[in-house]
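If you read the sequences in order, they're chains A and B.
Numbers given in the numbering used here equal positions in the first sequence, counted from 1, plus 37.
Numbers given in the numbering used here equal positions in the second sequence, counted from 1, plus 37.
Hint data in this document are derived by calculation from the structure and do not stem from the laboratory.
Do not rely on the hints blindly, as some may be mistaken.
Pairs involving identical chains hold if they fit within one copy or between any two copies, as the list cannot separate such chains.
To be verified - Simulated pairs of lysine-lysine, BS3-like, Cα-Cα distance not exceeding 30 Å:
no. : residue 1 : residue 2
1   : Lys75     : Lys205
2   : Lys236    : Lys166
3   : Lys183    : Lys84
4   : Lys205    : Lys166
5   : Lys199    : Lys84
6   : Lys75     : Lys127
7   : Lys199    : Lys236
8   : Lys166    : Lys183
9   : Lys166    : Lys199
10  : Lys75     : Lys183
11  : Lys166    : Lys75
12  : Lys84     : Lys166
Protein chains: 2
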Amino acid sequence: MSYRLYYWPSVQGRGEFVRLALEESAAGYVDVARESGKGLGVPALMKLMDARRVEHAPFAPPFLQSGRLIVAQTANILLYLGPRHGLAPKNEAGRLWVHQLQLTIADFVAEVHDTHHPVAASLYYEDQKPEARRRAADFRQRRVPKYLGYFEQLLGRERRGKYLTGAKPTYVDLSLFQIMAGLHYAFPRAMAVARRRYKRLAALSESVQARPRINDYLASERRIPFNEDGIFRHYPELDESSTG
Amino acid sequence: MSYRLYYWPSVQGRGEFVRLALEESAAGYVDVARESGKGLGVPALMKLMDARRVEHAPFAPPFLQSGRLIVAQTANILLYLGPRHGLAPKNEAGRLWVHQLQLTIADFVAEVHDTHHPVAASLYYEDQKPEARRRAADFRQRRVPKYLGYFEQLLGRERRGKYLTGAKPTYVDLSLFQIMAGLHYAFPRAMAVARRRYKRLAALSESVQARPRINDYLASERRIPFNEDGIFRHYPELDESSTG
Numbered sequence: 038m039s040y041r042l043y044y045w046p047s048v049q050g051r052g053e054f055v056r057l058a059l060e061e062s063a064a065g066y067v068d069v070a071r072e073s074g075k076g077l078g079v080p081a082l083m084k085l086m087d088a089r090r091v092e093h094a095p096f097a098p099p100f101l102q103s104g105r106l107i108v109a110q111t112a113n114i115l116l117y118l119g120p121r122h123g124l125a126p127k128n129e130a131g132r133l134w135v136h137q138l139q140l141t142i143a144d145f146v147a148e149v150h151d152t153h154h155p156v157a158a159s160l161y162y163e164d165q166k167p168e169a170r171r172r173a174a175d176f177r178q179r180r181v182p183k184y185l186g187y188f189e190q191l192l193g194r195e196r197r198g199k200y201l202t203g204a205k206p207t208y209v210d211l212s213l214f215q216i217m218a219g220l221h222y223a224f225p226r227a228m229a230v231a232r233r234r235y236k237r238l239a240a241l242s243e244s245v246q247a248r249p250r251i252n253d254y255l256a257s258e259r260r261i262p263f264n265e266d267g268i269f270r271h272y273p274e275l276d277e278s279s280t281g
Numbered sequence: 038m039s040y041r042l043y044y045w046p047s048v049q050g051r052g053e054f055v056r057l058a059l060e061e062s063a064a065g066y067v068d069v070a071r072e073s074g075k076g077l078g079v080p081a082l083m084k085l086m087d088a089r090r091v092e093h094a095p096f097a098p099p100f101l102q103s104g105r106l107i108v109a110q111t112a113n114i115l116l117y118l119g120p121r122h123g124l125a126p127k128n129e130a131g132r133l134w135v136h137q138l139q140l141t142i143a144d145f146v147a148e149v150h151d152t153h154h155p156v157a158a159s160l161y162y163e164d165q166k167p168e169a170r171r172r173a174a175d176f177r178q179r180r181v182p183k184y185l186g187y188f189e190q191l192l193g194r195e196r197r198g199k200y201l202t203g204a205k206p207t208y209v210d211l212s213l214f215q216i217m218a219g220l221h222y223a224f225p226r227a228m229a230v231a232r233r234r235y236k237r238l239a240a241l242s243e244s245v246q247a248r249p250r251i252n253d254y255l256a257s258e259r260r261i262p263f264n265e266d267g268i269f270r271h272y273p274e275l276d277e278s279s280t281g
């Protein structure tokens, strides 16, 4: 069974949460927009988004094709993949719980994006820098502690294993690794301090990174480096000032 | 079977998408934070959000209690309720599709909120008015046409009934009604023009509003009026200017 993943070819973005799940489960997949040839590339992605012609056309990437099924929205794709590849609990209550956490991560990711685009996604960062500085300060001072503090507290509850729901990772653990990696890239000064406050999240992140398939993936060319076109962008002026 | 819904007592907010589904399905529910007495009120809501003490503590309201299960995140609650009350397709592909649309609506709702809070949810609107004007202009000019245009196109595809997936409404139809009602409240001038462009959405919205249980609900005291503490706020300076 080979999946087709559709996402923008030059950024990790929201697609990365799906890539990590596909890589960990060793599910074969074609990263469609990063390939060229017939039925591949960005045109293949655009074609499926035409709601006048395509039944169940997605509003935006990422989306996943599995046989005749097309599933969009990052958390919805993971909801679909999770139970098929041992990356979600088997019972309904467990599945709803990890999906709920993934949706909380999705909210956080949208806030990360808006640190550099608080006015409009259609404008350049350079056209909204004063607003971005204000929003990023609130993000670092209030939103990061609120979200990371929540997950840190969940990890502090009595557990049977090193992952959020036990000894085996779910797609939420993979996503939390990506969140921590992205925050370290975008806000290195703020995270150097925060790291000490979120020890369990840091340990979880290291456990994910050390998994053989994830480790192989991160060292491969399939992992697109962080860059300033993605969600996590490193603009030093949005990070904590070096004087505190 | 009676549900307990937990949401802030004085706004429609994200809780309203759940209320509409509960009302249409005639499922009994207690709107916990709006009642007073033992185990009720806002303290009961706060208590369940303590991640140090409560297993599966939600990050934020709304959340729904069903027996021993607690489900949070608006779209996740609807994912749970939909198939139980005939408000979602029965097969997996159909369920994933309506959930995907609900998640797209959730993204839109977050953008609606940020029109009046582009800098920080922790600040008053009065402290971010210039930024709000810029963001609201982009929202009206680019984001509303993108989202409503998408749903209008989906509605334009050959259908068997007056709702998005056929003759019976799903929770997505109820949510689209709420979106249209909220936009009309918040941006009456912009929507007076847009209404002509989104005829199918307007018709869908009227069909939902005319459903007996929804109609009863909207006329009852259970429906909190729109107000300037919620997601959809009417600030005339964020609407289209009367001169165009």
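Here is what the structure says about each hint:
1. Lys75 / Lys205: neither (39 Å within a copy, 40 Å between copies)
2. Lys236 / Lys166: So Lys236 and Lys166 fail the 30 Å test inside a copy (32 Å) and across (38 Å) alike.
3. Lys183 / Lys84: between (39 Å within a copy, 17 Å between copies)
4. Lys205 / Lys166: neither (42 Å within a copy, 47 Å between copies)
5. Lys199 / Lys84: Between. Shortest inter-copy distance 27 Å satisfies the 30 Å Cα cut-off; intra-copy 42 Å does not.
6. Lys75 / Lys127: Answer is neither; intra-copy 38 Å and inter-copy 36 Å both fail.
7. Lys199 / Lys236: within (12 Å within a copy, 53 Å between copies)
8. Lys166 / Lys183: both (24 Å within a copy, 25 Å between copies)
9. Lys166 / Lys199: neither (40 Å within a copy, 45 Å between copies)
10. Lys75 / Lys183: Between. Shortest inter-copy distance 29 Å satisfies the 30 Å Cα cut-off; intra-copy 46 Å does not.
11. Lys166 / Lys75: neither (41 Å within a copy, 49 Å between copies)
12. Lys84 / Lys166: neither (34 Å within a copy, 39 Å between copies)
Checked against the numbered hints given earlier, this structure breaks hints 1, 2, 4, 6, 9, 11 and 12; the rest are met.
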